[in-house]
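Top to bottom, those sequences are chains A and B. Note that my numbering gives residue 77 to position 77 of the first sequence, counting from 1, and the numbers run on in steps of one. Note that my numbering gives residue 106 to position 106 of the second sequence, counting from 1, and the numbers run on in steps of one.
I should point out that these hints are in silico values taken from the structure, not numbers from a laboratory.
Covered stretches of chain B, going by a simulated chain A footprint (3 or more residues, C-beta under 8 Å):
no., region
1, 50 to 63
2, 77 to 87
3, 112 to 124
Calculated Cβ distances over 10 Å to all of chain B for the following chain A residues:
no., residue
4, G46
5, F71
6, A179
7, S189
8, V197
9, A225
10, M227
11, V331
12, V350
We put the CB at the ideal spot given by N, CA and C, even for glycine.
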Amino acid sequence: MHQTVAPLAGSSATTRYVETIATRVAIVLALALLAVVAFVIDILVGSGTLSLPDVINALISPDSAEPSARFIVWELRMPMTLMAMLTGISLALAGLLMQTILDNPLAEPFTLGVSSAAGFGASLSLGLGFSLTGLFPALPPELSTATNAFAFALFAALLVLALSRGGASVQSITLLGIALHFVFSSLLSLIQYLASVDQLESIVFWLMGSLQRATWLKVSITGAACMIFIPLVLLNAWSLTALRSFGAQAAVLGVNVKRLRMVMLVVSAMLAGLVTAVVGIIGFIGLVAPHVARLLVGEDHRFSIAATAAVGAVFAVVASIATKVVVPGAVLPLGMVTSLTGLPFFIILVLRNIKGEGL
Amino acid sequence: MTRLSLSDFHVSIGRRHVVDTIGFDLKGGSIMAVLGPNGAGKSTFMKGLCGLRRARGTVRLDDVDLQALSAAERASLIGYVAQDTTHLSVRLTVFELLMLAQNGDRRAWKAAPESTRRAEEMLALLGLERFAGTMPSVLSGGERQMIALALALVRRPKLLLLDEPTSALDLANQLHMLEVVQDYTRRNAIITIAVLHDLNLATRYADACLLLARGRQVATGVTKEILSAAQIADLYRVECRSVDVDQGRFSAIYPISVLSDGVGHR
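Please put together the full structure from these sequences, using the hints given.
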């Protein structure tokens, strides 16, 4: 066979491989550090009149801080920043999983109709006063809209799963998701049409996505879900790389392709559904973050999972900072900022595809 | 010694039986060529054997019933090279793919011990060391076929399935690949089953042949006995001549003409 590339001069393939792994680990650690820096800045920045020393004092020694400063830092800013980080991680990971299992670079958490179903669930609570929490009195009232949104998001994902049982192709699953998206969007429009002006305002504001709904309870629930699902995803890193690389033929490597697709579809829907239920609809993070991560660390999911989570966290937390500083004295909806900042990335991705560089 | 035994083997696509009632025995160190006209079910048969298509019947490899195994257990015994290598257009280097081939179903962050050593050994065995850091997408079709073979062999299978492995190769590379396969099969006493279209490659490299037509087993047996001019005329509707080559070590088959009921009448 003729040679088309230069030989690996002076180093064995194993050495090169180990060096590549070390580089990728360093990139992931750098991204994690960047996320921590963004996290600290987000805590320090706020729309209130709190000075920087007051914030730092409230963070370091809450007991000696002014009660108002302590409240703003620990009850308002900290839950919002943590929620921004969890939102970025969850949506980015959900996007990575959807792109892998559906073999579609443009798939994102909402491809299966999860966002429109969550929007419909929230609008049932905000527009018609119906909430599933009525069926579960043990749940606190602050979760009424979030519970509805999550339940319908999960319902949409399970419906796609049920309809695609028996080995549906990834194209069929995507089409089912798109069909569900339109069904729930229409139902959402119907509720908006029937709602009063005040109710309509609440629904529209919810759909824009905002971190101001974050509370410690919601942060705890979302954080716990991440702590369960992220190890599960990491455990399947090799199999996900095999699925991404070989598609259905990953089965000849011992991967149970059908089960892997089903489990990761549910995990993706749960991650996206939970954060959407809390903060509303946040676009583009799930689409863009996996692509940025893959550009940095490649296709090996052992690295791209962690890198995607870190990129998502940085994206969401920086967007959270922007929501507070773009218009002084006001906090913009997070979903609006992520869509505006994510759009250029999306256009770049599409242009790369047109030029044949691949997504 | 490794033994493969198939009986009453069927493969389905949806509810339709595409391959019916296949049965034969093979012993370790031998190569079987699967031959037949287009649409005979050759690729489907191979996919059924490696678990990519739903199959039933008995497939015993050294007293292990492959049909009763999980995907992971079956994968540890079978290596499969697909007809189409477009799936190798991934953004992983050849070395990373060799690592992935050995760890695809692994549930741990670190690769299995010995993976890097085996990957290096496989590159050396097939003479592919220079491609270790290269992505297959920039390689030629023939080079990708060799990479696909390396990915199958690095798992150290007992049963190697090759679906038209030489389809993208020039003459020299066809011979090179099949020499490698034959040598590996003999040296490791594994069983290789390969779908081939070139009858001369079959007579040269295959110890046994399975002839398929319309999803059914037409004949099976020792290559030299099975691939007679009459059998080929019956299978492909082509008149052929067969002559002994290399003092009768194998035979060369050359086509004369398509029989009147040949093309489009199978």
